[in-house]
Amino acid sequence: MLRVNDIQVFYGEMQILRGISLEVNQGEIVSLIGSNGAGKSTTILSISGLIHPRKGEIEFNGKKITDLSPFDIVEMGISHVPEGRQLFPSLTVLENLEMGALRGKAKRERHKTMEWIFQLFPILNERKRQFAGTLSGGEQQMVAIGRGLMSIPSLLLLDEPSLGLAPIFVSSMYDIIKKINTEGTTILLVEQNVFKSLSICNRGYVLENGAVTLKGIGEDLLQNKLIKKVYLGM
Amino acid sequence: MNLTLLIQALIGGFLVGGVYSLIAIGLSLIFGVMKIINFAHGEIMMIAMYITYWLFVLLKIDPIISIIIVAPLIFLLGYCMQRFLVNRIIDAPELIQILLMLGVAIVLTNLALFIWGPDHRMAATRFSLSAIMLGGITIDVSRLIAFGIAIIVSIGVFLFLAKTETGKMIRAAADNRLGAQIVGIKVNRVYAISFGVGSACVGIAGALILPLIPLDPYLGPSYTLTSFIIVILGGMGSLLGAFIGGIIIGVAESLGAVLLVSSLKELVSFSILIVILLFRPQGLFGTRNE
Ligand SMILES: Nc1ncnc2c1ncn2[C@@H]1O[C@H](COP(=O)(O)OP(=O)(O)OP(=O)(O)O)[C@@H](O)[C@H]1O
Ligand SMILES: [Mg+2]
Chain A
1 MLRVNDIQVF YGEMQILRGI SLEVNQGEIV SLIGSNGAGK STTILSISGL IHPRKGEIEF
61 NGKKITDLSP FDIVEMGISH VPEGRQLFPS LTVLENLEMG ALRGKAKRER HKTMEWIFQL
121 FPILNERKRQ FAGTLSGGEQ QMVAIGRGLM SIPSLLLLDE PSLGLAPIFV SSMYDIIKKI
181 NTEGTTILLV EQNVFKSLSI CNRGYVLENG AVTLKGIGED LLQNKLIKKV YLGM
Chain B
1001 MNLTLLIQAL IGGFLVGGVY SLIAIGLSLI FGVMKIINFA HGEIMMIAMY ITYWLFVLLK
1061 IDPIISIIIV APLIFLLGYC MQRFLVNRII DAPELIQILL MLGVAIVLTN LALFIWGPDH
1121 RMAATRFSLS AIMLGGITID VSRLIAFGIA IIVSIGVFLF LAKTETGKMI RAAADNRLGA
1181 QIVGIKVNRV YAISFGVGSA CVGIAGALIL PLIPLDPYLG PSYTLTSFII VILGGMGSLL
1241 GAFIGGIIIG VAESLGAVLL VSSLKELVSF SILIVILLFR PQGLFGTRNE
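Chains as they are written, first to last, in the numbering used here: chain A, 1 to 234; chain B, 1001 to 1290.
Think of the hints as simulated: they come from the structure by calculation, not from any bench. Incorrect hints may appear among the rest.
Unchecked claim - Here are the simulated lysine to any residue pairs, SDA-like style, with alpha carbons at most 25 Å apart:
{"no.": "1", "chain 1": "A", "residue 1": "K128", "chain 2": "B", "residue 2": "L1159"}
{"no.": "2", "chain 1": "A", "residue 1": "K107", "chain 2": "B", "residue 2": "K1186"}
{"no.": "3", "chain 1": "B", "residue 1": "K1035", "chain 2": "A", "residue 2": "T92"}
{"no.": "4", "chain 1": "B", "residue 1": "K1035", "chain 2": "A", "residue 2": "I51"}
{"no.": "5", "chain 1": "B", "residue 1": "K1186", "chain 2": "A", "residue 2": "E75"}
As the structure is a computational prediction, the values presented were derived from the model and not from experiment.
Turn these sequences into a full structure, and let the hints guide you.
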């Protein structure tokens, strides 16, 4: 479904990604892990078209999307739930969700999608007329995921969805990610919680210093000595 | 002091204040969305006034009617200005932005000078000399009409932003540009529309006050300044603030002209500006730390 082929990304003259390749197949949850500054968010931003790689290419469903704008990429069925949520604080929850579905089928089916999102996050239904900026961090994270789902994506990019959530919410967040996936959305997940994210994924990639250093099936990675030592502290 | 005169000034200022509100809403919208101060705001109004003037003189179209021609033309002017000029400096340091906008103002002024010359012009419309008498108080019909239309247009802008899809996209892009790009909003286009709508506001205001003030190529800066004061008074980026602030400054100027010497009317707005900056720098409806 998604093929990232040896991309190199620069900020100015500083090289951040040194040839990253990865694949996401239909129906999978794929985890991207790595320490702070490894280049996880940069990889996600390249896929959603907010930055463009200097070399390498990105393919989605067989089409090259490397140089497309975010506008076109959303249209093709990729949706990005960014690190730090990036909501519209002075818009209501309802308006934030609407802004996730701006065109075509997604726009026509707004109400239906919203009902599904309110099933996933019942609290949002109660808060729908409230300004997003007045919600708690966890609720805002739900709005961000909801907004991402509003475009009815076939591939959802989640960049640290559990950031800033209380520990009890974190596990329910993973349940919800699992649920979204079983209902048909493919997911590329970036998470700090290595154990949890390797547990729920089909496959995982380990990023270090802008390059992939390890990849494999989630369970295998969990058993990997190096990962155990570096990321799980065991 | 004559009480009738005072009440008359109050009403006159209130009515003109409605037009000020519309001018300031345009400036505030542009600032709120793009964080750019449109230093060519008054000049855009001046251009709109010339278009209105010639439509009136040559084609006998009343300024009020000509709004339906002037508004889309000035929208287009603003749209193109943002597309081809402002867009290039949207991430530039403030000083560069100010220089560009001042440059645009100078170009527009000189364009008007070149085409229409430096003479004062006055449009004597059907309503110019008509007035309503209310127990010793005279109310200009032109002002009354200008006020009414300015209020209607202002409410229209509020509704456009609150209810329409494009309005929501404008507010979203103003709130969080990155977030807007992520959901697939064409931010550049939304910016151009905002600049267009902001310009159309001041353009309509120009058509409305054409019957009230003499027109010449140099009237821009003082209106840019007045609307800037209003926007600071109301709170940068707050449209409601711009609306209320416009009325306040309209009334204050008008009272100032009666109570002091009329050439000192700007003293009043500046004093208000200084007081606001000292005691409530975020303005009446602004929020701190923005
Ligand atoms: N706009 C930018 N300009 C310059 N350098 C940047 C920019 N954004 C990110 N970087 C650098 O790129 C590197 C990778 O950043 P990135 O955000 O992709 O890391 P990450 O893996 O997502 O880390 P984290 O786990 O902290 O979110 C970092 O060293 C960061 O300092
Ligand atoms: Mg990151």
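Do the hints match the structure? See the list:
no.: 1; hint: K128(A) to L1159(B); in the structure: 20 Å, holds
no.: 2; hint: K107(A) to K1186(B); in the structure: 16 Å, holds
no.: 3; hint: K1035(B) to T92(A); in the structure: 22 Å, holds
no.: 4; hint: K1035(B) to I51(A); in the structure: 23 Å, holds
no.: 5; hint: K1186(B) to E75(A); in the structure: 12 Å, holds
This entry satisfies every hint, going by the numbered hints stated previously.
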